[in-house]
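Start from the sequences and build out the full structure, keeping to the hints where you can.
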Amino acid sequence: MAGKIGTYLGFCKRAGKLALGVNAAAATRGRIYLFVADGSASPNTRKEIEKLATRFSCPVVWTEGLDALVHKEHCKLAAVREEHLAAAILKETEDTKKD
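Under the working numbering, the residue at position 57 of the sequence shown is numbered 57, and the numbers go up by one with no gaps.
Heads up, none of these hints are tricks.
Simulated restraints on C-beta separations:
1. 3 - 54: 27 to 33 Å
2. 10 - 44: 24 to 30 Å
3. 60 - 30: 14 to 20 Å
4. 27 - 3: 27 to 33 Å
5. 74 - 10: 16 to 22 Å
Read the hints as simulated data drawn from the structure, not as lab findings. For every residue, glycine included, the Cβ atom is placed at its ideal position computed from N, Cα and C.
Written as structure tokens, this is what we have:
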């Protein structure tokens, strides 16, 4: 699962459609389609992520090792601003849950 999600996040990053970090996501103008959050986030960071998800009306996918997937140390949140890649990430996580 992490391999495909990492690939999709890489596509978003190269296209300039990925905001990394809670502060960057909060400052984002425009539409966010999906949040990808690291499972090791602190309780306060989790609360902030949930507030952002409510504010932008989008789902949150929790994963492990997000910092390695986006190649940024200590990154706990990635905001996907590309609709089709967000849908692909969601589909990948749903398919993995079924297995």
